[in-house]
Amino acid sequence: MVNEATKALARQVVSECQNAGCRLVTAESCTGGLLAAVLTSVPGASDVFDRGMVVYASESKSQMLDVALSLLSTHGAVSEQVAVAMAANALALAYPHANMSLAITGVSGPGTIRPFKPTGLVFIACAVMDPSRAIVRCLNFGDVGRDEVRASSVRSALEVVLEQLRVGLPLVPANNTER
1 MVNEATKALA
11 RQVVSECQNA
21 GCRLVTAESC
31 TGGLLAAVLT
41 SVPGASDVFD
51 RGMVVYASES
61 KSQMLDVALS
71 LLSTHGAVSE
81 QVAVAMAANA
91 LALAYPHANM
101 SLAITGVSGP
111 GTIRPFKPTG
121 LVFIACAVMD
131 PSRAIVRCLN
141 FGDVGRDEVR
151 ASSVRSALEV
161 VLEQLRVGLP
171 LVPANNTER
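Residue numbers for the sequence shown follow the numbering used here, so the first one is 1 and each next one is one higher.
No wet-lab data here; the hints were simulated from the structure. Please read these numbers as outputs of a predicted model, since none were measured by experiment. Note that the Cβ used here is the ideal one computed from N, Cα and C, for glycine as well.
Below are the DMTMM-like pairs computed for lysine to aspartate or glutamate, each with C-alpha atoms no more than 25 Å apart in a straight line: (1) K117 - D143; (2) K117 - E80; (3) K7 - D143; (4) K7 - E148; (5) K7 - D47; (6) K117 - D66; (7) K117 - E148; (8) K117 - D147; (9) K7 - E159; (10) K7 - D147; (11) K117 - E59; (12) K7 - E163; (13) K117 - E159.
Label-pair restraints from in silico Cβ distances: (14) Q12 - L69: 36 to 44 Å; (15) G111 - G21: 38 to 46 Å; (16) G32 - V136: 17 to 25 Å; (17) E16 - E59: 31 to 39 Å; (18) S73 - G21: 33 to 41 Å; (19) P173 - P118: 37 to 45 Å; (20) G168 - A57: 34 to 42 Å; (21) D66 - D147: 28 to 36 Å; (22) P173 - G32: 24 to 32 Å; (23) S70 - V144: 26 to 34 Å.
Working from the sequences, and respecting the hints, build out all of it.
Shown next, in the form of structure tokens:
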């Protein structure tokens with residue numbers, strides 16, 4: 001499912017996170033932990049990966065990440081607002097052990113959630129301790145099949161990490177204790 005280009009991108013993310021003192025936490029819905037799996041397949045990932053959460057159901061987003069039920073009912077689980085809340089709340093839970101978070105929520109298919117949320121619609125949010133530096137992406141990969149939507153989401157999320165690192169913002173140091 002994950003191609004060599006995505007694996008190379010993951011290696012680049014791990015390397016650049018090591019250089020920047022970045023430690024990641026992930027909160028995944030439609031990718032079901034694939035982002036965490038891709039990152040942790042890279043040697044040295046333990047230097048930069050703190051934890052990953054899979055919050056597939058709306059209830060789990062609320063219970064594990066404290067995403068407001070009102071946000072979920074108003075905007076739906078697949079929305080920019082929920083992706084941002086997932087990223088911000090995952091970072092808050094992991095801090096001080098992580099200083100950047102990635103959240104992915106979307107529709108892998110087949111089928112649609114609502115008429116305006118078709119298969120292939122994905123939201124990716126990246127949060128750091130400065131909320132004004134959050135990055136959010138709305139992507140529509142189309143009805144290309146579950147595996148391709150998931151793989152494309154992971155690839156895009158890795159690109160967002162690199163974008164966030166290239167901004168050059170000072171990261172609050174993470175407490176990188178030995179495990």
